[in-house]
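**Q** Residue numbers (our numbering), protein chains in the order written: chain B, 1 to 218; chain X, 219 to 436; chain L, 437 to 654; chain G, 655 to 872; chain H, 873 to 1090; chain A, 1091 to 1308; chain S, 1309 to 1526; chain P, 1527 to 1744.
Because the hints were derived from the structure by calculation, they are not lab data. Be careful, since some hints might not be right.
To be verified - On the chain A side, residues computed to face chain P include the following (Cβ under 7 Å):
| # | residue |
| --- | --- |
| 1 | Phe1192 |
| 2 | Ile1193 |
| 3 | His1197 |
What the hints assert, rightly or not - No farther apart than 30 Å at their CA atoms in a straight line, the calculated lysine-lysine pairs in the BS3-like style are these:
| # | chain 1 | residue 1 | chain 2 | residue 2 |
| --- | --- | --- | --- | --- |
| 4 | L | Lys596 | B | Lys181 |
| 5 | G | Lys758 | A | Lys1249 |
| 6 | S | Lys1412 | A | Lys1271 |
| 7 | L | Lys444 | G | Lys659 |
| 8 | B | Lys217 | X | Lys253 |
| 9 | H | Lys877 | A | Lys1307 |
| 10 | L | Lys617 | L | Lys517 |
| 11 | H | Lys976 | G | Lys689 |
| 12 | L | Lys444 | G | Lys871 |
| 13 | H | Lys1032 | H | Lys880 |
| 14 | H | Lys1053 | A | Lys1307 |
| 15 | P | Lys1685 | S | Lys1525 |
| 16 | L | Lys441 | G | Lys758 |
| 17 | L | Lys444 | L | Lys617 |
| 18 | L | Lys596 | L | Lys444 |
| 19 | S | Lys1316 | X | Lys322 |
| 20 | P | Lys1707 | S | Lys1525 |
| 21 | P | Lys1607 | P | Lys1561 |
| 22 | X | Lys322 | S | Lys1412 |
| 23 | B | Lys217 | X | Lys435 |
| 24 | A | Lys1249 | H | Lys880 |
| 25 | P | Lys1607 | S | Lys1525 |
| 26 | L | Lys471 | G | Lys814 |
| 27 | P | Lys1743 | P | Lys1630 |
| 28 | S | Lys1489 | S | Lys1316 |
| 29 | P | Lys1561 | P | Lys1531 |
| 30 | B | Lys104 | G | Lys659 |
| 31 | G | Lys758 | A | Lys1125 |
| 32 | P | Lys1743 | S | Lys1467 |
| 33 | B | Lys217 | X | Lys322 |
| 34 | S | Lys1489 | P | Lys1685 |
| 35 | A | Lys1215 | A | Lys1271 |
| 36 | A | Lys1215 | H | Lys1089 |
Note that the Cβ used here is the ideal one computed from N, Cα and C, for glycine as well.
Number of protein chains: 8
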Amino acid sequence: MRLQKGQKLLFIGDSITDCERARPIGEGLFGALGKGYVSMVDAFLTAVYPELGIRVVNVGTSGNNVVNLRDRWQEDVLDQKPDWLSVMIGTNDVWRQFDTPFIKDWHVYPEEYETTLRALVERTKPLVGNIVLMTPFFLESNEQDAMRIRMDEYGAIVKKIAQEYGALFVDTQVAYNVVLKDLYSATLAWDRVHPTPAGHVVLARAFLNAIGFDWNKA
Amino acid sequence: MRLQKGQKLLFIGDSITDCERARPIGEGLFGALGKGYVSMVDAFLTAVYPELGIRVVNVGTSGNNVVNLRDRWQEDVLDQKPDWLSVMIGTNDVWRQFDTPFIKDWHVYPEEYETTLRALVERTKPLVGNIVLMTPFFLESNEQDAMRIRMDEYGAIVKKIAQEYGALFVDTQVAYNVVLKDLYSATLAWDRVHPTPAGHVVLARAFLNAIGFDWNKA
Amino acid sequence: MRLQKGQKLLFIGDSITDCERARPIGEGLFGALGKGYVSMVDAFLTAVYPELGIRVVNVGTSGNNVVNLRDRWQEDVLDQKPDWLSVMIGTNDVWRQFDTPFIKDWHVYPEEYETTLRALVERTKPLVGNIVLMTPFFLESNEQDAMRIRMDEYGAIVKKIAQEYGALFVDTQVAYNVVLKDLYSATLAWDRVHPTPAGHVVLARAFLNAIGFDWNKA
Amino acid sequence: MRLQKGQKLLFIGDSITDCERARPIGEGLFGALGKGYVSMVDAFLTAVYPELGIRVVNVGTSGNNVVNLRDRWQEDVLDQKPDWLSVMIGTNDVWRQFDTPFIKDWHVYPEEYETTLRALVERTKPLVGNIVLMTPFFLESNEQDAMRIRMDEYGAIVKKIAQEYGALFVDTQVAYNVVLKDLYSATLAWDRVHPTPAGHVVLARAFLNAIGFDWNKA
Amino acid sequence: MRLQKGQKLLFIGDSITDCERARPIGEGLFGALGKGYVSMVDAFLTAVYPELGIRVVNVGTSGNNVVNLRDRWQEDVLDQKPDWLSVMIGTNDVWRQFDTPFIKDWHVYPEEYETTLRALVERTKPLVGNIVLMTPFFLESNEQDAMRIRMDEYGAIVKKIAQEYGALFVDTQVAYNVVLKDLYSATLAWDRVHPTPAGHVVLARAFLNAIGFDWNKA
Amino acid sequence: MRLQKGQKLLFIGDSITDCERARPIGEGLFGALGKGYVSMVDAFLTAVYPELGIRVVNVGTSGNNVVNLRDRWQEDVLDQKPDWLSVMIGTNDVWRQFDTPFIKDWHVYPEEYETTLRALVERTKPLVGNIVLMTPFFLESNEQDAMRIRMDEYGAIVKKIAQEYGALFVDTQVAYNVVLKDLYSATLAWDRVHPTPAGHVVLARAFLNAIGFDWNKA
Amino acid sequence: MRLQKGQKLLFIGDSITDCERARPIGEGLFGALGKGYVSMVDAFLTAVYPELGIRVVNVGTSGNNVVNLRDRWQEDVLDQKPDWLSVMIGTNDVWRQFDTPFIKDWHVYPEEYETTLRALVERTKPLVGNIVLMTPFFLESNEQDAMRIRMDEYGAIVKKIAQEYGALFVDTQVAYNVVLKDLYSATLAWDRVHPTPAGHVVLARAFLNAIGFDWNKA
Amino acid sequence: MRLQKGQKLLFIGDSITDCERARPIGEGLFGALGKGYVSMVDAFLTAVYPELGIRVVNVGTSGNNVVNLRDRWQEDVLDQKPDWLSVMIGTNDVWRQFDTPFIKDWHVYPEEYETTLRALVERTKPLVGNIVLMTPFFLESNEQDAMRIRMDEYGAIVKKIAQEYGALFVDTQVAYNVVLKDLYSATLAWDRVHPTPAGHVVLARAFLNAIGFDWNKA
């Protein structure tokens, strides 16, 4: 288990991270962590490792792309002084290219995505000891689907940056692909983007596995 | 893993089971299973054992005691024809003795609790192949607390009935006691009864462990 | 133009037809016809053929499958005594097989779909002069997608029944396929099922073309 | 078809244009274009000319008169840098003279209307390649009705300015007059101002015809 | 002043009478009489003739036509045992012919209107001492307007029946015509049907004048 | 009739004047004048003297006392440039002395009331041609009631100032006293302060009589 | 202290008793006893005599008069089997005579009040060991006020019946009169009927004093 | 009785004091003092000592700890110029240590609590004649409970400061302990913190006893 006693773990991302978290900062009781994988991660850490006292914070914001993250990075990430930072971004960067293709101002293409994300990691590395980079994903099993192809490109960028900076890497698309062998995507997300609770379990498991969580701890 | 392909697993109980499930029957997408341990169990079964296709149904109802369960047993349990049935009841039977002590009509004392619960199991055993009995619990670490003492009595009754009928037994109080060594009860439930997500993880883990869930399944 | 002065045209179907129509019968002003293709068809008939005085009625109901239609057929179709009847059903018959695959009670498989739909047409033909059968559709351009394959089966059934009974046939999937050559499906429907206004125009155009609507009428 | 690939088409006007569009700028999915003729125009362009990728924007605002347009022209029109601009204004300029005749501050008389509208066109012409001027209208078939007479004056001013500046001209009153031969005005608008969907079809058709839309395009 | 001490005065009609009155019977304080002419009549009777103690009751119902009145006549009129009855009906009988011309089930044509209204008066005359018949009206000054012509027909029927049975007759159209010489109809009613407070004053004055109200009573 | 063609009549006061008027300025259609005597005055002026075109404005504000009026006098009275100004204030100045007697900051005693009101009239007289001063009132027939005695003091101050400055004077208490001979106060106002519609008729009549309104004008 | 261990005390009355109590029966936590004197009585009994375990039930209903009590007496009083019954009724019986004087159906005059109340006590005495009769009251210090005179008549009837049947008698008017020497009625109730918390303290004190409550009990 | 005629008594604290008081300052009618012990204290002072005219003000704020009080002390306490000040704070200072133990920023430990509270008293003593310090409390009868132990520490600090500065001291924990001998804590507060009305009576009694309130005053 890589997390140590008393550490602070902060998640940032888009609606998949947000899930109706509290404002301005998502932490504390009463649903403050939202209804998605962040809340699940926190619940498992608290229930299974109560002695560690891990503090989980959620600053995901619905609709955000990587440029939006950059614009609030100082306040929502660096000022929070986390020990661990987890980033999952890219869904909206890609989706707008497919659902509102004519409104190009709303698109973030691969080059800008890569440059922006790398700059964020570069800036954060000296300040935050542990960074986890999670890929965006698209719940479509057809690898030739145009949006899936594009999302995979963004996932590859995340992987490349994780390797460059030695960040923990979580390939959410791979994690979902296992399940998609048995289930049609609609079971995990009606719109192929926003997961059901089962879909969030896939994310939480992938994250917890990456940090060395022991599922069978007494 | 004891559940088999295509089986139907039904949960009944009080508000801890209910958690805003859909009416009249809690099943399907869009939060139909509520926000508690039932939804977590379903999400883990779907995400980790997608090939089994387990159908989970939630018919918990807030405020119910064992007498209320009896009154809706035919419609909400037997008519649903589950392969697995999980029952967790007793919180309100006990709680009313402590929060509205002067309104004795609202109390279900141990004798009536035991008689009623046993009759339900007796009636159900020939029809449902697998029964899981979960104890009620009280999130209070002081074993001399009056309400904790009383709740433990009810838990012992559940255990006795489980043994009599060969039902799977889940001791939720024991599961919580492990966590309460490190955490004050308020972290798991403000009122010592309704769990936070972390508190529901304790329940979901205890249930999944009882049915032989493999946490490390690929 | 096949519709004649003073005729009554009734649409039945699921949420794609419903679109928040008035209850119990959708007709009249103030959004009574809903916000989808039915309202568009009515608006074009009124604006372009005001001299015909066509009365449009919407009895689509969200969530319905062909079995639900059968259960309300007498009251919602036959009792209304329409001159024209348009039916578009099948989305939910198929979708439940893919989004809640373990709840088999909610599925309507091809055989039951065909039998039920044919019985409805058989029963109605002597009473309603003109029947239009519209296929269900799935806004997925990948013809090998499992749900698209299944939906195409249902479309083929609709076509077969239309031919058997000499009903007007509208192939909505074909109409969408034209547009999907240029647009990713998310532009027409986030969940690949519920169309945007542009998606409803595709349906309205296909219907109006089928009945001989003259777009260039002065 | 006069619109070319990738062009941006912006509509400005009053409540007839607004129709509950999104704020601050009406564009994108989920009803952002409102429920009126603008949304219809967009839906037809997307469904019939998907290959053109026309971007439609709605900045109509309920209650506006031409003076209100002037006050937000820089931000809502020029800063948006459209390729096509469509303006339909004048209803409130006239209506206030008839429904609150004693509150003269709220009236915009013909001279001010003409001066202001001309100044807007003059200012915009060098910046926006294509301008469409649509007349205001009053759904009253009696040409001697006082408010109809007055509205016709404003329509004539629009026509004059369109001719002066070579703008495309859409005579909405003429388009409605055709329909009013067969239908009493209440069928198209309860208050003779805010159209039903059929009334919006009249506007959308008139606009689309003006820009060379091919209704029979395959 | 024709009303005498302690008498009960009941108004029935459509939305112009209703004006959000209390249900099931509109009488008493706190807006129970609605916001229209009935409330004004009551307020003037109470304020100017407090010594008479007139009890005013409102059973107008929005959307009603004369057939709807007939269906609730026993309960809402006769069972109330009024000393005075005022009826104003016909707006919806006519309006539906003009706003939803294709839905003929919703129209009440002159013959049915006359027959039904006469039967109601015939049935009531032996039981209620004083009947006031008010014409329906249309706030359109153009006497050649199709809906105004039709409404005038209904007004003439009311007048004829009033004369036949010796009922007090209030010609609301005539009362409005005086005001319409100076004001455009939109000042009195946006949709030419539902009056502003000023429009309700015209009705209240006409009614009060008909019953001999002394405006200058000290 | 003292009001002349095209004049603007502005009312200021407390909740009795306000009655849910529109903000920031109460004028125009759709209930903008509130539900009290101001709306009635406007409705009678419009219905009986349509040829005069009187513009009525309501700037009453619930809870106000004379000090509150002074604080918004420039903006809400003088900047509006009325031809006629009607002021009715004092209820809250007095009431707070009786319902919250211990919170003396909320009381406005006679001396401050007189000084402040006189200063407002002094300041306004050169700018507004016609001023109407209405007394506050208390709907209590017992002249020895402590609050009635106090309210009468304030009424006397209003009368004195009206005489000093030659303003039109409306004694609302006297107008109510006539009605209170026949009716218990609860019929006109449950709390003896906020009038029913009948109570507002008393105010409107007193005002209209003061300005020479001809009730029998054809 | 007259109440004994384990007894049930039921209150019935009108809005002054009701105060938003729970439905159908007001008992238990979370405001079930309403916000008035009943809740205060319960709170003092629980806080000062916790060892007695008195069960308090509230079945007051807003708007009720003595006839309404009679109509629900079996279900709401006798079926509840209280040991103590407290009745306070009469406000609405009287008030309707003063606020809606013309609607005589709504009045309950002294004779009917007395007959009905006596019949209820007669019927209940054999079944309920202890009956408390509280007078209705009117928060008006002027003993010559018409409604106060009438309310005093009803209070005298209550006193007479209490004496006839040996019921405990609580003269709420007398209790209020003490306070009204120092405070104007508006401080205790804006409408002279519905008490502020201070007004409810007067009622609770009078009740508790009548049953021998010891305020200085340790 | 220590309070004297015309004095102002201000309460500050957390949610137990707040209880939905009015904003920004809680005073006046209509629930402005909230629903807890402050409102009860005011109601008893008004009902039993109406001649004193005590003005009660509530500035409690839910969620506050002693540091939050300090931050609004000038505006909410000193600027209000009370004659009496009552402070009850500490619940949240302690509770956050037990319900969100990992978020240490939210905890106020004993040293900071003592320093801050003493500084507030020191600063206030010269300006406010009478200070009452009430301990925080925890409704748990087990004196070895971890949170009860911690709360008792804070209570001891309050006692020490009260003695140092000669403030009136109210030991709320002691007052509750008496009741907890007979009742389980859940009867007084579901979460052991927010009292029921009975729990607020305990607080109000303790406060009133401390200021010499005579419960048997006529």
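**Q** All hints are to be evaluated individually against the structure, with a verdict given for each.
**A** Outcome of the hint check:
1. Phe1192: holds (4 Å)
2. Ile1193: holds (6 Å)
3. His1197: violated (12 Å)
4. L/Lys596 to B/Lys181: violated (33 Å)
5. G/Lys758 to A/Lys1249: violated (35 Å)
6. S/Lys1412 to A/Lys1271: holds (20 Å)
7. L/Lys444 to G/Lys659: violated (41 Å)
8. B/Lys217 to X/Lys253: holds (25 Å)
9. H/Lys877 to A/Lys1307: holds (28 Å)
10. L/Lys617 to L/Lys517: Judged against 30 Å, a Cα distance of about 40 Å means the pair is violated.
11. H/Lys976 to G/Lys689: holds (28 Å)
12. L/Lys444 to G/Lys871: holds (29 Å)
13. H/Lys1032 to H/Lys880: Holds, because 26 Å separates the two Cα atoms, which is no more than 30 Å.
14. H/Lys1053 to A/Lys1307: holds (15 Å)
15. P/Lys1685 to S/Lys1525: holds (25 Å)
16. L/Lys441 to G/Lys758: Violated, at about 47 Å.
17. L/Lys444 to L/Lys617: Outside the cut-off at roughly 36 Å; violated.
18. L/Lys596 to L/Lys444: holds (26 Å)
19. S/Lys1316 to X/Lys322: Judged against 30 Å, a Cα distance of about 11 Å means the pair holds.
20. P/Lys1707 to S/Lys1525: Holds - the C-alpha atoms of S/Lys1525 and P/Lys1707 are around 15 Å apart, at most 30 Å.
21. P/Lys1607 to P/Lys1561: Since the Cα atoms of P/Lys1607 and P/Lys1561 sit roughly 24 Å apart, the hinted pair holds (cutoff 30 Å).
22. X/Lys322 to S/Lys1412: Status violated; Cα separation ~45 Å.
23. B/Lys217 to X/Lys435: holds (15 Å)
24. A/Lys1249 to H/Lys880: The given pair, whose Cα atoms are some 40 Å apart, is violated under the 30 Å limit.
25. P/Lys1607 to S/Lys1525: violated (35 Å)
26. L/Lys471 to G/Lys814: Since the Cα atoms of L/Lys471 and G/Lys814 sit roughly 37 Å apart, the hinted pair is violated (cutoff 30 Å).
27. P/Lys1743 to P/Lys1630: violated (49 Å)
28. S/Lys1489 to S/Lys1316: Not OK: S/Lys1489 and S/Lys1316 at ~36 Å, beyond 30 Å, violated.
29. P/Lys1561 to P/Lys1531: holds (25 Å)
30. B/Lys104 to G/Lys659: holds (13 Å)
31. G/Lys758 to A/Lys1125: Since the Cα atoms of G/Lys758 and A/Lys1125 sit roughly 24 Å apart, the hinted pair holds (cutoff 30 Å).
32. P/Lys1743 to S/Lys1467: It holds: about 25 Å lies between the C-alpha atoms, which stays within 30 Å.
33. B/Lys217 to X/Lys322: violated (43 Å)
34. S/Lys1489 to P/Lys1685: This hinted pair is violated, its Cα atoms lying about 40 Å apart.
35. A/Lys1215 to A/Lys1271: violated (37 Å)
36. A/Lys1215 to H/Lys1089: violated (34 Å)
Hints 3, 4, 5, 7, 10, 16, 17, 22, 24, 25, 26, 27, 28, 33, 34, 35, 36, counting from the list given before, are not met by this structure.
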